[in-house]
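Colleague: The primary structure of each chain is shown beneath.
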Amino acid sequence: MSRRSLSVDPPDLSLWPTAKGLAKLWREQWRLVTVGLVCAFFYSGLSLAIPIVIRHAIDSSIAPTNGHHKPLWPYLAAVAVLAVLRFALNFTRRYATARTGIRVEARMRELLYQAYLRYPRAFYDRHATGQVVSRATNDLYPVRYFIGWGMTQGLQSLMMIGGIAVVLFLVNVKLAAFALIAMPAVFVLAFSFARKVMPISRQVQQLKADVTEAADEAVVGIEMVQAFGREDDVQARFAQKAELVRDGVLRQARIEAAFLPGLLFLPTLSIAAVVLFGGHDVIGGTLTYGEFFLFYQLLLQLVWPLEALGWILSLAQRATASASRSFAWLQGIETVPEPTHPTSLPAGALAVRFESVRFSYGSGSEVLSGVELEIAPGEVIAVCGPTGAGKTSLLNLLPRFYDPTDGRVLVGGVDVRDVNLEELRNAVAIVTQKPILFSIPLRDNLTAARPDAPWDEVVAASEAAGVAHFAADLPDGYDTLIGERGVNLSGGQRQRVALARALVAGARVVVLDDPMSAVDTETERHLVANLRPALAGRTVLIATQRLSTVEVADRAVVLDNGVIVEAGTPTELLALGGVFWSLFGEEISAVA
Amino acid sequence: MPSRRRTGLTRLSRYLVGHGLRVALLSVVGVCSAAAPVTALLIVQDAINNGMQAHNRGRLGRDVVIYLVINALAWILQTTLVRGLARVGQDVVLGLREDLFDHLTTLSLKYFSQQKAGWIIARLTSDVDALSDVLSQGLTTLVVNTLTLLAGIVGLFILDWRLGLVALVILPPTFVLTRWFQVRSHAAFLRVRETISAMTAQIAESVSGMAVIQAYNRERAFLGEFDASNDANRHTNTHAQWLNSLFFPGIEFLGIVAMTAVLWVGGHMIASGSLAIGTLVSAVFMLNLVFQPLQELSDLYGQVQSAGAAMEKITTVLDTSPEITDRPGSHRAERIEGDLHIDRVTFAYGKEPVLHAIDIHVPAGGCLALVGESGGGKSTTAKLVGRFYDPDDGAIRVDGHDLRELELRSYRRQLGVVLQDPFLFAGTIGDNIRFAHPEATDEMVADVAQAVGVDRIARRFDAGLAHTVREGGAGLSAGERQLISIARALLADPRILILDEATSNIDRPTEILIERALDRLLSGRTSIIIAHRLATVRRADEILVMEHGRISQRGRFDELLETDGPFRRLAKELKGSEAQLQGGVSDADLQSEPVTGSRASNSARVASSEPE
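Chains Z and D supply the protein sequences, listed in that same order.
Read left to right, the first sequence gives residues 1 to 592 (the working numbering).
Read left to right, the second sequence gives residues 593 to 1204 (the working numbering).
Here are the simulated BS3-like cross-link-like pairs (lysine-lysine), alpha carbons at most 30 Å apart as the crow flies: (1) Z:Lys-241 to D:Lys-708; (2) Z:Lys-241 to D:Lys-702; (3) D:Lys-943 to D:Lys-975; (4) D:Lys-708 to D:Lys-975; (5) D:Lys-975 to D:Lys-702; (6) D:Lys-905 to D:Lys-708; (7) D:Lys-905 to D:Lys-943; (8) Z:Lys-434 to D:Lys-702; (9) D:Lys-943 to D:Lys-708; (10) D:Lys-702 to D:Lys-905; (11) D:Lys-943 to D:Lys-702; (12) D:Lys-975 to D:Lys-1164; (13) Z:Lys-241 to Z:Lys-196; (14) D:Lys-975 to D:Lys-905; (15) Z:Lys-196 to Z:Lys-20; (16) D:Lys-975 to Z:Lys-434; (17) Z:Lys-434 to D:Lys-708; (18) D:Lys-905 to Z:Lys-241.
If you want the footprint, here are the derived chain Z segments under chain D, 3+ residues with CB under 8 Å: (19) 79-90; (20) 97-104; (21) 228-235; (22) 288-297.
Just so you know, the hints here were simulated from the structure itself, not pulled from any lab data.
In this text, a Cβ means the ideal position worked out from N, Cα and C, and glycines have one as well.
Build the full structure now, drawing on both the sequences and the hints.
Modeller: Encoded structure:
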């Protein structure tokens, strides 16, 4: 029976389902959206009303055509009132809309994060950490700006453009036609600028990332650089990367120089038309000064909505592109299948059994080709084998990081696929090859697997795993913060913490994947002596490259080319003179 | 703080040298392009007053032509300005970035051990980028808008000084609002940045630690943490947006207030006949030139603040002076023989000395091994030989010269270092081997690779030696990286070699390869080996046991094993674990012949004596 491997890299969604997904998130915020749209509508109206009132102030009071000056203050008072109203509307619209965007962004991020927690290991094998992180952070910004600004601003722009056009044509059809000729070009220019500049700014980001990499490399490798006196070479390499960034930014500046001043120039063509043709009309008596002012002012007010439409259109493209990627992950990635009718694990120590287990990663060649292995409850077994023999792959099947492509893995006599995932993982503790600690205090790292563990158990585990040995020397003992912002532990120390954490977990099956590879030989010796009693009563699988670690085990098996080729006590295996001997025999011969 | 900021600016201005003409020209262009819209409005005023009102169609036509010409000129000027300022800004940024990097490479290892790598890298990247943003886009915005703002005020006064005064009454509250917003919004921006980076860090940590989260069923706890940081980010963002939503409509409102005031006063002046309608209309539009730049400049304030903070941090790095430098009068090290004398050297990282008057002599071509518990001063001794630190007392002499009299780089180029965790650079395996000898031909690289067994690693990959390794050497085992670093040292053909725990933490089959490679590497050079493995140290001409910064025992391998002392205890301990399995290894077993000979004979012997 061959199982279909889980899909972990689905294609991006097409436009329509993406738009539907976004619309759904948008609708969740319908209250804010409505407030924003209503405010946008009235804001547009007021923005037209104010210049119209001023126009009447000019025509009736300041420069009346009939020479009879009406009082000015009622007009200006009206303008003041409208301005206050407009302020309130503008504030409400901006704030409501921005909050919509922020909420949708936070919501999408939460959906992604929740999904990340459920995704299988294969997903993390396929996608680099940086990509997974940026999809839940940077990639969401276009979505946020589009929803939190673009949608409402776009509708408002359309209302403004329509409103202004209507008013201008009502006042003077011919002049409106002349004045508006150049304006659509503003939209086109803004849109094509946004289209042109985006790829370049992405390029610049990439070039900056290259500089970061070069800097990182030189700083981390500084001892090598200085030791060989190769400062010149690294400097030249870095300078080259830095120059590429400069060139990229200058390319971007050239595009800006080609487009942005044009956006300022185009409206002046319309203004010139108004001054020229409107001026003639004023002289001819068919246009008042108030109307001239209105034309001038509304043209100025038209520029931004047109530009904004250009930006928004390009923003919409980016937003849907990034949303389509996020939705593709949310909808297309299968999580580890859980049993519909889970079986419980039996009480007490658990036996482990691999039954003709075959396994391969996706389309790759087979890593395990029929592993048969039975481990008695409470037995400690060492899994040995040359690099690439499949040790890690075998161990990773126990907590269901992966499922076998064929055969079964049984814990306590139950197929692991029939056990509730949480129950299984409670029963199986794993120490991965590369120890993973979190940037939290040492104490919390130790209890990460069981936060309510009694402190004396934690201390006992720390003693057994050799953490107590160095914990006392840390600045704040067990409360020392671990990680970039705190203390960086050495590789060996990290492994010991990971080991202690697994012991604290209290799991009945403990899986140790080369748990002491970075621990120095002296310390390892102390550890090995302490480890055995600490593991008493648990079923243990240890993968290792070192003979001294094999000693902990009751029995060792040798994995080679995906099958178990040797099994027995370490002494028996050495005597056999086979693969096991070739792995460890020379370790003895080298010094003996 | 202000003084530091000034030194930051002086530093930046240094990079303008050679750009003098360009900067002067750009200043002129900037002033002209800011004056353009003001002049254009003065023309509009003329068109209304002397064209429309005076019924002078010719004058109207002429004014419109001038208006268009001015704006076309402004177009060209702005294009020039955007490009020119970007050029100047980027050259400054490039100069600064290169200098900063060059300076960093001269700083001593002590600096790098005290500062976290992430911190240093942030200076080279995000800090310089913050400056870059201000100097490329920001500079244009700053220059254009500041000048436009000033030109707008001047323009108002040119139109009519009384209207200018009216506008000046409205401006102070506007400036107060702008200032308030700038300060608050910058603070808000910083909080947003903090919550974003906390959130990103939380996500990144979850993603890279997902195996553990899932293995230990910690999903709910991490989701809780995530929700907290996601919410915090939402709140800071909402607050920042609240400020934004208040400020921009506020400026818009004040603009209308100014307009109303100008219309009110102007209206009465027109009624009394002391103002022309065209002047009033132009003044209303001129107000736009004053209020719009305020909005754009507010956006910039945060950027400028961040750039200022960035420059301060960069300055602290540039102000750190390298501890290890060439002294005046130091001379170039010609090919050295390798006679090494560590002459009564005392050294302390802080107050407590870690080396107490150590005295060691290694003749040219000799091999010295340093053993002992960690913290005994072995690595420090090696680092002093590499002149990563200078001794507090005593001297390191090579061929009789104090290292401090030798030109640093000329000495180090004759030095080879192989560290416990060898660092590989992003590039091919071949590039990494060639690192210390970039001129080496492909054949030389291939020869060296073959000599130390790197060719076997390379064969694993389709591209062979041209296989690209990622930074740090991901995808290669510790032993494989070690072999590559040995090949690197061999190609460099150093006169003095330092091996610091080069054979630890490596699985046995690879270690055998490395031991063989070492035979090749060590021959004919002076070498210092720090090691835990007996197999590695037994090749040494002399072994020193270091304890607490002192030499507690010295001698040849065999002699040391025969004497009851620290070395024998160490040797027993090292061998203890293997010995248990073997059913006990006697001291005599530890004294058998060196391993550099035939491996087969050793293997045969073990096989036959196996097991009890």
